[in-house]
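Colleague: Listed in order, the protein sequences are those of chains B and H.
Read in order, the letters of the first sequence correspond to residues -12 to 462 in my numbering.
Read in order, the letters of the second sequence correspond to residues 632 to 1240 in my numbering.
Keep in mind that the hints were calculated from the coordinates and are not lab data.
All values derive from a computational prediction rather than experimental measurement.
Incorrect hints may have been included.
As the list claims (entries may be wrong) - Partial selection, computed: residues in chain H whose CB lies under 10 Å from chain B:
1) Ala647
2) Tyr667
3) Gln669
4) Ser1198
As the list claims (entries may be wrong) - Simulated coverage check for chain H against chain B, where a stretch passes if three residues somewhere in it have a Cβ under 8 Å from a Cβ of chain B:
5) 637 to 644
6) 670 to 684
7) 857 to 865
Cβ coordinates follow ideal geometry from the N, Cα and C atoms, glycine included.
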Amino acid sequence: MTGRQGRVIHGKVDWWTVAIYVALVALGWLNLYAAVYDTTREVFDVGSRYGMQMVWIGVCFVVALVVMLVDDKFYHILAYPVWGVCLALMLATLVLSPEIKGARAWLLVGPVAIQPAEFMKFAVSLALARAMSVYGFTLGRMGDLAKVAMLVGIPVAVMFLQHDVGSAVVYASFLFMLYREGLNRWVYIVMGIVLGLFFGSFWVTDTGLLMMIIAGVAAGAGIGYGNWKAPVMYGAGVALVSVGGWLSLRYLAGMEVRFYYVLLGVAFLSIPVVAAVAWAKRLRGFWVYIVLFVASVAFVSVADVVFDHLDLHQQKRILDTLGIESDARGWGYNVNQSKIAIGSGGLVGKGFLEGTQTKFNFVPEQSTDFIFCTVGEEWGFVGSAVVLALFCALILRLVRMGERAEEPFRRIYCYCVAGIFLIHVLINIGMTVGLVPVIGIPLPFFSYGGSSLLAFTLLLVVAVRLDLGSGELAT
Amino acid sequence: MGREFARQRWLVIFVAGVFLLLVVRLFAIQIVDGSYKQAAESNALRHEVLYPPRGEVLDRNGEFIIQSREAYDLMVIPREVVKGFDTLLLCRIVDVTLPRMRSQLKRAAAYSQRRPSVVVPQLSKETKLLLDELRLPGFQTVYRTVRSYPRKIAGNLLGYVGEVNSGDLGDDYYRSGDYIGRSGIEQAYEKHLRGEKGVKINLVDVHGIVKGSYGGGMYDTLPVAGRTLTSSLDAELQAFAEELMGGKVGAVVALEPATGEILVMANGPTYDPDELVGRERNNNYARLANDQRSPLFNRAVMAAYPPGSTFKMVNGLIGLEEGVLQPHYRYECHGGYTVGNLTVGCHAHYSPVDLRQAIMTSCNAYFCYVLRNILDEAEHGGIMRGGYEHWAEHVRSFGFGRKLDSDFTSEYAGRVYGGDYYDRLYRERWNSLTVISLAIGQGELGCSPLQLANLAATIANRGHYYIPHVIKEVEGVEMDPKFREPHYADVAREHFEPIVDGMYMAAHEDGGTVKAMGYVPGLEICGKTGTAENAHRDHSVFLGFAPKDNPRIAICVYVENAGFGSSAAVPIGSLVMEKYLTDTIRRPAMVDYVKEMQIRYPHYDGEAR
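For reference, chain H alone in the conformation it holds in the complex:
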């Protein structure tokens, strides 16, 4: 009996053991190991991305500059493709060569077997409907938006969008085949423009056939369209400025001084932004990228130019602020500034001149005196002990030598060296004469047209500027407050008056550098020319604003290798201001003169010098 009882007990223990084993195993795979849940999801859930339309861009008057238009990308999920489908038919429908199609399919398979890749981008709705009818397993069309540009302006400022590359995939938002802003506004405002993707989670069976919506659509989200941006650009004015810059290399930047809003940012050369959309995009891009004149390059914010004589106002202002200059100080000038065997040449004008006249006539010698006085000023220990640094600090307060922090991602910081640079260059043996070129905006200075336009705005505002920006409003988002704060130059407000007077005189009095080409009755233009020396023919520069009181526009025009400031930059600048302020052009002959102007660029175009 006892023996039987023992056997019965062993059997019960055995039964309990079997069930315990099963329960432990179930516990292990259902609760301890989470990987099965993921495996189940990747088995049965198919995430279908719903693309939002990319945000559109308006100009300051509500006119479209960038629009979004519907297009369809043909995508492939390699593992679902059934071998032996009619590749030729597909090629015919989407108008792609067979080798191209093969290489695209291979590329897609190399990226992922499960995730969709783009095979042919940006197809028309008609093509999409044809493809939908064909119902090729593994292929699908996906709604995208492509850019279109009704005014065909401002290409290198608006930027372009391109397919994401492996580097962008670090951001979780992007998947292969997505588009991302590559430059300009498209890049700077990418996060606002792209919107939010929606997702539709479908249930699929073992054959990949959609069986319905997961959780009754509870986890689905709708795409949220990208935000509409309102640009501060004046599309009409921009188009006009681009027309004037035709055939020239350089940039026009116009700001509204009271806000820092960019009214015009025209580059020469530029390109039709529609060229970087659609199926010819790659060819066009290659052509533009190889163009020696660099049409893709936004010179307005990225170029490093010598400011030339437009920089004299800065030296004058610093001199006044430092007390080493009074507006009535007169200096002699007989063809230049000469110390020992050093001469800074000057052109013919009457002598002596005071500060106002020096600005009006753009006297080189006058500002050589001014700069030396600033640098050698005893209060700051002379040039070697802080005099130079003191000057450089003042210069930087105008926004030079650093990024203005505008809404362009690729802004050029500019070049205003510290004293240590000269210490190294001249082995600590240098003085105010060594750097005398700085007096007239030459030498070791580099700035972008945007920085110069900002200088014009600072003078127009009599001492302060607002950070220049090209987007004034993002739909549904507070504008960055940094664009609303005034930034003050280290020069007191009253010192600006004689400088403004000088600029006014330049455009209104005989002998003024601006008057001949830039006088427009009633506009009250204040301006300053620049003729910037460089390795080739001089650059033609103009910096100005109008009207004199309560200015509404501040402008910088920079035309490479066009010679005197008055020859190319002044006409362009005055025409743009005239059009903006009066909405008409009363000098059609001047427009024709600018358009017909022939400037040769042998160093760009590869001609023999």
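Just chain B, with the same shape it has in the complex:
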């Protein structure tokens, strides 16, 4: 594509990525050691979690070596079979697996439990790269889009059946790659609005939210038609009429009406007026904004009303099914303890093995989902920032590898991997600091677990391997 110096680097391993990978794995292991560290134990215990993790790291290095030695054509050829095998494993899991923490996601192979869902991400990435790199593929065509939906949707459906919602959420990460490959902007705009309204309804009052919706739609229309005067005048008009109406209702008619309803009424009454003006000015597509406004208000109200009219235990059940709340000791206990642990780290932290909150089990799931607490507590802001910087560098490195690839297969695969890392870091660290609802997904290379370590290693090393090669892959 860009024609910059990119392609000359081909034929060389991207050592930056390898270095970041090694650094993250090393830090991850040290951190896991600190998290499960127990003064009463032997210095090194293979049976312990950090011991097991060390074994897995060894396995990963071997796998990485093998991956690098295999001809990159194989990944292209094996994309669909791998997808199929992984899906079969997941289906097998559904039948064979015991229930662990409410989910049937583990497959017991001798002494080790593996989680096929972790490898499914790798399989879907390969399969998507293969499907979308076919000559003539466009995301605009329904048939092609359906292929993508099928490759992603079937595993997600199985995960829902496994009650493993956390892993399913990760598949939203492919939107990262799809944007690069030209998926319609509107998908992202609508999603952004829905997510914004969803979180907004938790954070701001209904009146504030309504104001934001009006302002947002007006601003959107202003940008869309390249006219800033009209939306400003519209906004000022609505504000003036609403405040005036509210005051006169209150002091002249003596009616106590919440400002929210006045504003809502004025906004709705303004629709025919604005529509008439738009008609007169022959503005095309104006209905989009009206629909957007009505849909937003309806979405917020319905969500609110429905949610509020449920009993507390029903609300919790919904949140539980959504995978938002999984702790038994009350809403927010985990997150609060996690924030305490991270917050108490301060600038430089308490030092290696000195963390009191993680060491004495105040943070639940501290060696898996809440592993970042140990980083925050023992290494402080500086250490946390370093870890974040490493992840950020890794993701940008993957984007760069994708961009310098000559073929769509390599690029699409790299973007898939970048997206997967991004969503894992965002959700995992975001939940430990209370930014994102609690969704149980691992932090790559840090959380305890062989399957996830191996899966992330595979994802990354295959990207490096694809970046290294330059031969024709697609037909």
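Got chain B; can you put chain H on it based on the hints?
Modeller: Chain H only, in chain B's frame:
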């Protein structure tokens, strides 16, 4: 191509935005908001207080008056108590009734869920070991010390310790269940006696189980024992004085004139200080507090008594200092002092008398002349224009009408009014005759036995005193220099000689008020009796020192409602001085006489008059 480049750029911006958001959030909770650090500490750190033994008190001869003995308090941390433990078993071990235990636990929960509260105080080591074996979650035993009193003396002067109340918690040192000195020395020297608490910071896990020492014990401190105090009291003498005061209401205060050290401070009635220790403490306290004779009240420093005739020396000294009196001045006395229809009565003695004889015989009339001369003295413009104030200033220089600033926290300031008081009382129509009672230590005067003993010491020293104090040494601390500075009365040294002579004569010559009951050969006692009028039977007062030259002891004995000064106060005073100076008692009959003395206190004991 350009379009793709734009999309790639947006994605990079998006990635950067996500990481920026996370970094900002981390910055906010790790650096901006400090509350998480505290939350983490309250999560994981358990501060275990190590109590120091409270300081002990020795008498001037190195004998223990207060000792500290080990005891254990049973504490509870309500939030860690596991529901459904065997309450009955616990009650049996600590010997407490079930309702009492329940109410204690409720009280503890109301105070704090996280902080320990005392459930049962002062358990023996055996009980502690039993409890330790039981290992009830949420319960622990804590080392404390309790007081014990080998001599069982000086209860109301030593004071007692009690559990802190909500008012004391304003001081950061104290926590619920701690002990604090409540009165007497225990209160005055609280800061020295309490020592410094140590702390052991333990790490606990989420279940509250101790996992080790925080920072390897780097932040732990050891308790520092309270300082040992050396009292100026003579325990032997104190015990003797208390014995003599048995059955009587009043006080004995003896000082060492050269230092102001209190040798004896015996109150009647008193109590066994051990009664206010241990588990019967509350019952005993209630009984003592309800006793009409107020055994908890340290009369020696807190009572307001009329000084009676012991005050005549003060008037004589002021008269000499002012030049309105010469030792050889003689005044007639035929049964009293009479002006118009006012008469201040006097008892039978020869007449006329000079100053020395007036003191010896305790002539009322003589000091009426003296006081009027002082008050009406023209130099100070007569009584209405400063004469009275001038007199009152002199009186205060002896330590009357103000606190002596001793080491007792609840000292009585005494009463010596200014002229404005009489102006108000008599609507400015008063003269030296109106206040003539002051001449003989009656009227509007109030002083404590300590102030009177201080007067004895001032006369013994011929004009100066040292602030009386009961603690002469605090281990490892410089004594307050205020106790080493002499305070001078506004009377020149030479004027004391005739007064001392008069007091000497009182104890040595026939007709002297002290001689009959207070003459001890070789002791060179100087003394003055007082018979203080009050609403009931007269108080018996004695003030004296010995020997005459280089006195070693100055004393005041005040026995309420015992009649003449010579009947009760003189025998007690002379016996105490005799014992102190010679270490023996050569008058056992006098001891028996004092001990067998029956004084009735109908107004205290609620009998019909």
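Colleague: Each hint: holds or not?
Modeller: Tested hints:
1. Ala647: Constraint on alanine 647(H) satisfied, holds at 7 Å.
2. Tyr667: With a minimum Cβ separation of about 2 Å from chain B (threshold 10 Å), the hint on tyrosine 667(H) holds.
3. Gln669: holds, 8 Å
4. Ser1198: This interface hint is violated because 75 Å lies over the 10 Å limit.
5. 637 to 644: holds (count 5)
6. 670 to 684: holds (count 6)
7. 857 to 865: violated (count 0)
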